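Line order of the protein sequences matches chains S and D.
The first sequence begins at 1 in my numbering and counts up by one.
The second sequence begins at 1001 in my numbering and counts up by one.
Bear in mind the hints are in silico, worked out from the structure with no lab data behind them.
Small disclaimer: the values here were computed from a predicted structure and weren't measured.
All C-beta atoms in this analysis are idealised placements derived from N, C-alpha and C, irrespective of residue type, glycine included.
One should not assume that every hint holds.
[Stated by the list, open to error] Have a look at the derived ranges for each label pair, beta carbon to beta carbon:
1) S:Asp58 x D:Leu1079: 21 to 29 Å
2) D:Gln1100 x S:Leu7: 33 to 41 Å
3) S:Asp58 x D:Tyr1086: 28 to 36 Å
4) D:Thr1106 x S:Met1: 51 to 59 Å
5) D:Arg1097 x S:Ala77: 44 to 52 Å
6) S:Gly85 x D:Ala1002: 52 to 60 Å
7) S:Leu7 x D:Trp1112: 40 to 48 Å
8) S:Ile51 x D:Ile1083: 21 to 29 Å
9) S:Ala63 x D:Leu1079: 42 to 50 Å
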Amino acid sequence: MIEIAALIAIAAIAVSIGLNVYRLAKGPDVLDRVLALDTMVINAIALVVMIGVWYATDVYFEAALLVAMVGFLSTVAFCKFVLRGNVIE
Amino acid sequence: MAFALELLIAALLVIGAFFLLVGSIGLAKLPDMMRRLHGPTKATTLGIGAILIASIVHAWAVRGYLSLHELLITLFLFLAAPITAYMIAKAHILVSRETQDAMTPTGTEAPWSTLSEPAPRPAREREEAAPERG
């Protein structure tokens, strides 16, 4: 039962990443694209955690944590750049 | 393994994936930037929380040890999601002219998402501008 649920979850996450790519390509504004990238990072974390559940291993946890931190920092840096034209003043 | 635990893990996985999908559909379909901000920041955060709890229960029930370090990712994402939403909304208000015109007036001279008084200049610049004191 866990295998079927994991397959459904992986398929749903893949569809979500596809929708994010659509918004990333279409988004009329630069901040739409930043938001699409932020959502795509969260979906990527979910996908990495799903790989860990699927193979019943623990080694993918660090990858998920690193992706979470890098995604947050890059979003904040993008917003700061749009706001001020500079990241570190 | 107990059937109930397996059912709990499967339900948490499906619920999490459902909310991730709802957030991404909201991001793709909603008409307006400020409305589009709702989907990723709320639904997606809930979805990833459910998937991480499913991973914790899976480690305890299937892999046979208690691993709570997925809670680190949950805590970090729950701290980070409001901050990113706030930064994106603030940058959007400052950039988009239509959004500024559509909002109610602030009641002060400053527009939205800026400081109401000009920020004090950094100390280094003040020293350079000030005349040398005896």
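Hint by hint, here is what the structure shows:
1. S:Asp58 x D:Leu1079: 21 to 29 Å: The hint (21 to 29 Å, Cβ to Cβ) holds, given that aspartate 58 of chain S and leucine 1079 of chain D are roughly 23 Å apart.
2. D:Gln1100 x S:Leu7: 33 to 41 Å: 46 Å, violated
3. S:Asp58 x D:Tyr1086: 28 to 36 Å: For aspartate 58 of chain S and tyrosine 1086 of chain D the Cβ distance comes to about 34 Å; the hint holds.
4. D:Thr1106 x S:Met1: 51 to 59 Å: The hint (51 to 59 Å, Cβ to Cβ) holds, given that threonine 1106 of chain D and methionine 1 of chain S are roughly 55 Å apart.
5. D:Arg1097 x S:Ala77: 44 to 52 Å: Violated, at about 24 Å.
6. S:Gly85 x D:Ala1002: 52 to 60 Å: Between glycine 85 of chain S and alanine 1002 of chain D, where Cβ atoms are some 58 Å apart, the hint holds.
7. S:Leu7 x D:Trp1112: 40 to 48 Å: 46 Å, holds
8. S:Ile51 x D:Ile1083: 21 to 29 Å: Holds: the Cβ-Cβ distance is about 27 Å, inside 21 to 29 Å.
9. S:Ala63 x D:Leu1079: 42 to 50 Å: 20 Å Cβ-Cβ, so the 42 to 50 Å window is violated.
The earlier numbered hints that this structure contradicts are 2, 5 and 9.
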